[in-house]
Amino acid sequence: MDFPNPSYVHIIPGDVNRSDLGLSPEEYLRLASGVDEIIHCASDTSFSEQKRDQVKKANVENLHHLLGFAAKSNCFCFHHISTAYVAGKRRGPCPEAPAETFEYFNVYEETKHRAEKTAANFCRQHGIQLNIYRPSVVYGHSRTGRTLRFNALYYPVKTLLFLKNLYYEDTLHKSGKNAKKMGITFDENGRAHLPIRIETVPESGINLIPVDYFTDAFSAVMQTQKNGGIYHLVSDKNTSIAELIDYSQRYFNISGMQAVCPENMHPGSKNHLELLFERCIKTYKPYMKDERIFENHSTRGVLNTHKISCPEFDYPMFARCMQYALAVNWGNN
Amino acid sequence: MKPLEHITEEIRSMSSRCRHYAMCKIDFLETGLCPPAKETPYVSFFPQGRMDICDALARGLIPVTKTLVEIISSCTLCGRCDKQCHFVTGMRPMAVMQALKAFVAAFEKDGGKIKIIPEDETLDALKHITGSKWATNDPAHLVTYSNDPFPLAKRQMPGYVVLPGSADELVEIVRYADQLDIPVMVRGNGGSVFGFVFTHGIVIDVNRMKHIELDHENWTAIIEPGVTSFELQKAVTEHGFRVNTAEPAATVCGNIVCTGLFSTWANAYGVGADHFVDMTFTDLHGEIFRLNDKNAPNAFGFEEAVLPSPGICTSARIRMHPVTDDEAGVLVPFTSLEQAVSFARDLSIRRIGLSVGILGGHYLSTFISPTAFLAEKTGNVFSDILDIRYMVCVIGDRYARQAIRQMVSCVIAADTFKMLMLGLPRLTGPEWMDIVKGLESDRPAYETVFSQEMLPVLETLLSPAPETLAGAVDEDLREFYTDLYSRPHMTDMVWLNMFRIVSARMSRHKHMFAFLVYVPLDRMDVIHKILASLEKIAQQHGIDHDFGFLTPLDFGKRGILEYDYYIDHTDSRESDKIRLAMADLEPLMDRLSAAHKGVKWLKYIFSQGCARKENFLYT
Ligand SMILES: Cc1cc2nc3c(=O)[nH]c(=O)nc-3n(C[C@H](O)[C@H](O)[C@H](O)COP(=O)(O)OP(=O)(O)OC[C@H]3O[C@@H](n4cnc5c(N)ncnc54)[C@H](O)[C@@H]3O)c2cc1C
Ligand code: SF4
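Protein chains in written order, with the numbering used here: chain A, 1 to 333; chain B, 334 to 952.
Here chain A stands alone, though its shape is the one from the complex:
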């Protein structure tokens, strides 16, 4: 978000893990008396069931601390950043409305759904307006590719590249027998043949939005909508797995990958590399067959007046993001 005048911004470090937000009683009161809107964007985006307690704490329990603070303040509108995936295990249209679901693909979806309900109940009881923002999968900046995190979209691509490089090294500097065992070959131009079929369904795809669109859309809604509502900050078009495979292959000089329907993928027919890749990206598997379609009527209404639209996730966009990821070594530099 671009702040017009940074001197308007006061950063007060706190700790949402604590009910007092890590502030002294005086600081807490002083802050509460000067607040009229709150944006809550702290959350744990881990999908891992193993981290359930940690995710629950961050996404649900810590929300109570913020809500408690809101109730003690002059806050009239609470802006809660959620996720489009509170829709849970669902196919087809997902409206900009409270999600009616009891099944989720992972603990992140589940806790974010619970958080929405918690925030809704609390704000209703305390007469606070609640805006819920539901972004889909956020990637880097649409113009620079810049991002701070390299999970979600990035992880499967990073894994592919890791495997390619690993077996390239094996082929170039060792006997290459390990690469051969995995069915991986390299042509004279260094193009890697990775025989990987990825299971998907024809109408499915991943909804991807760049981070700058997310922040622009969020601030547009936030600045104009103060009466409570649910807003899907999503792209109008899902990106199919076939497209993602195509982009990855082009950018990283890979061949041999394809998107296939489950009917064409008998479990017994999977090769070593497919089993391996599947194991690595197991967490993301449901998103490879994602049939959720996020409606965005309310949001579009607001964004149209601000002439904000979601950039398309095409090959140049993918390339920009990957260029950035490589330049910063996936965040390790």
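By construction, these hints were calculated from the structure, which means they are not laboratory data.
Please note: incorrect hints may appear among the correct ones.
Listed next, the in silico SDA-like pairs over lysine to any residue satisfying Cα-Cα at most 25 Å (straight line) [claimed, not checked]:
1. A:51 - B:675
2. A:174 - B:751
3. A:270 - B:788
4. A:282 - B:770
5. B:770 - A:165
6. A:285 - B:784
7. A:307 - A:137
8. A:89 - A:174
9. A:174 - B:740
10. A:177 - B:787
11. A:177 - B:801
12. A:181 - B:740
13. A:180 - B:799
14. A:177 - B:675
15. A:51 - B:713
16. A:289 - A:306
17. A:117 - A:272
18. A:180 - B:749
19. B:862 - A:53
20. B:770 - A:60
21. B:770 - A:203
22. B:751 - A:169
23. A:177 - A:57
24. A:177 - B:718
25. B:371 - B:454
26. A:57 - A:68
27. B:770 - A:333
28. A:282 - A:68
29. A:56 - B:718
30. B:770 - A:54
31. A:282 - B:465
32. A:181 - B:749
33. A:285 - B:788
34. A:177 - B:746
35. A:285 - B:765
36. A:89 - A:203
37. A:174 - B:820
38. B:770 - A:68
39. A:181 - B:796
40. A:285 - B:764
Fit chain B with the ligands to the known structure of chain A by using the hints.
Then chain B with the ligands, alone, in the frame of chain A:
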């Protein structure tokens, strides 16, 4: 340069850090022993003793005597100690040996005066018994028998050190000392490091008594008291047997008497009286008795008190066990101690596997890493990235391993272990770590990393080879490590568990002060209580600490738990911390022991190691 200037503070400090675990007294790397020490096995001739001499010289504790010059000059600078010591502690004692030689050269050049140590009647009498070479009152020898890293005892110079060559000589020494009321203390290899083997009287070092005789029909090995675990294990494995041993440099007799000899094999082979068929002792008046003699003092019983040992063991008939040709090791990782205990207990109850031990993630990484740096990195990867907090290490035949595969979802088999060990420096590569961190799986990361699908990747990534592992050590040691790790047994879990040459690595960063407690294995609450108390006290006193291991015993009914405190034994402030911690711990352990059946602290088992285990496990 003045003679003492050759012993710089850096050299002195290294020499004072010798842990006294006596690993240089066994040929565990097949380098051969320190050549002069092989000929003259006084501690002073071993690298360990030379380290002590160096420290003592620098502190002005000993004069320059003819013997001192002889000891120092006998060093051939062959470099074996550098390899042995580096393997265990990471130290390079060659620099100490060189400094000592430079010291002597400068002393002689300076025309330094050699001090003559007068002999006395007692020494004459001792020499008369053992031959003149094997009894001494020279400070250069004595000082190497005067202390160990135990932080709660002061240095105690003995009057004499004597190395009997036979049981008869040993008994004669004891009788002589008894007549003159001179205290005697028997010493194996001093590896108890608990201040046990010191006296101002006569130290009897049993290192010349190393005879081993196998009685195949009776499944026993008859040994003299100087035989170490490593030597006995080596001798019996050559004939297809196994004995239950623990620390490789410990003498078997000393270990049984001292602690009852516990190890991960205790799961199958027991502890205490389970180890032997008979033992021969001399009491402190020189009266000889066999434990199997119906009129002998009852060493099989147990009393919850600090008692002296039955005497000095001059020979033991140790039980040997059969070995099958399909034995191999597996590691089973866990995220919590509860899961690991429940699994290990289940194995023990069902009699699946022979050696069973729960190790902390850091213990294992320390054992398999050739350097402290790699150990720390690996330990962090194990616990923080692979989610391995505990590993159950099992040695079993093929049926046991099949059963284990059906019991758990992730098994690290012997070939994967070998791959891991030989490729360890590459396990921690950042790109790979990034992939593992991002797995975000619902299951612990180790399940994916060690899954069948992932093994080919691991193999490619790690490039397991002796050269890869050797890449982690100092450049001038790489050839040696490459050669060492080309030997199959160095990556064989069965061999490593039997010979235990890597366990002393746990003290690589600091000396370890181990707490051992027998516990009821079905009472996780009690185990937690003990661990929490040990942890809390360590924290209160600012002492490094960690879970060590836990092994089931006697069909999973009991277990033996080790928890370690780590201290720099050269730092008196650390000794003070331990002293204060002990003041909290002793009453606490006594209370826990009184409150819970099956809780027995090793403190009371010391010197009652010949007792029947039932007498302390179920009383
Ligand atoms: C790194 C490390 C790990 C260890 N792990 C284990 C382990 O897993 N299991 C275990 O059981 N112990 C373990 N110990 C303890 C150690 O191995 C034992 O205390 C063992 O007794 C040391 O053997 P030693 O020959 O050096 O005995 P010493 O230290 O020389 O003597 C120990 C005691 O036994 C007495 N003694 C020695 N010889 C005789 C004899 N012939 N007759 C009667 N008494 C005798 C001594 O007087 C002394 O009281 C460990 C020690 C270290 C340093
Ligand atoms: S260098 Fe000296 S002390 Fe070291 S093993 Fe060789 S002879 Fe012994």
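Consistency of the hints with the structure:
no.	hint	verdict
1	A:51 - B:675	holds, 22 Å
2	A:174 - B:751	holds, 20 Å
3	A:270 - B:788	holds, 16 Å
4	A:282 - B:770	holds, 13 Å
5	B:770 - A:165	holds, 18 Å
6	A:285 - B:784	holds, 18 Å
7	A:307 - A:137	holds, 22 Å
8	A:89 - A:174	violated, 46 Å
9	A:174 - B:740	violated, 38 Å
10	A:177 - B:787	holds, 16 Å
11	A:177 - B:801	holds, 18 Å
12	A:181 - B:740	violated, 30 Å
13	A:180 - B:799	holds, 24 Å
14	A:177 - B:675	violated, 41 Å
15	A:51 - B:713	holds, 18 Å
16	A:289 - A:306	violated, 33 Å
17	A:117 - A:272	violated, 43 Å
18	A:180 - B:749	holds, 20 Å
19	B:862 - A:53	holds, 24 Å
20	B:770 - A:60	holds, 24 Å
21	B:770 - A:203	violated, 31 Å
22	B:751 - A:169	holds, 22 Å
23	A:177 - A:57	violated, 47 Å
24	A:177 - B:718	violated, 29 Å
25	B:371 - B:454	violated, 29 Å
26	A:57 - A:68	holds, 15 Å
27	B:770 - A:333	holds, 16 Å
28	A:282 - A:68	violated, 38 Å
29	A:56 - B:718	holds, 21 Å
30	B:770 - A:54	holds, 16 Å
31	A:282 - B:465	violated, 75 Å
32	A:181 - B:749	holds, 18 Å
33	A:285 - B:788	holds, 21 Å
34	A:177 - B:746	holds, 22 Å
35	A:285 - B:765	holds, 21 Å
36	A:89 - A:203	holds, 16 Å
37	A:174 - B:820	holds, 23 Å
38	B:770 - A:68	violated, 34 Å
39	A:181 - B:796	holds, 15 Å
40	A:285 - B:764	holds, 22 Å
Hint compliance for this structure: hints 8, 9, 12, 14, 16, 17, 21, 23, 24, 25, 28, 31 and 38 are broken, all remaining hints hold.
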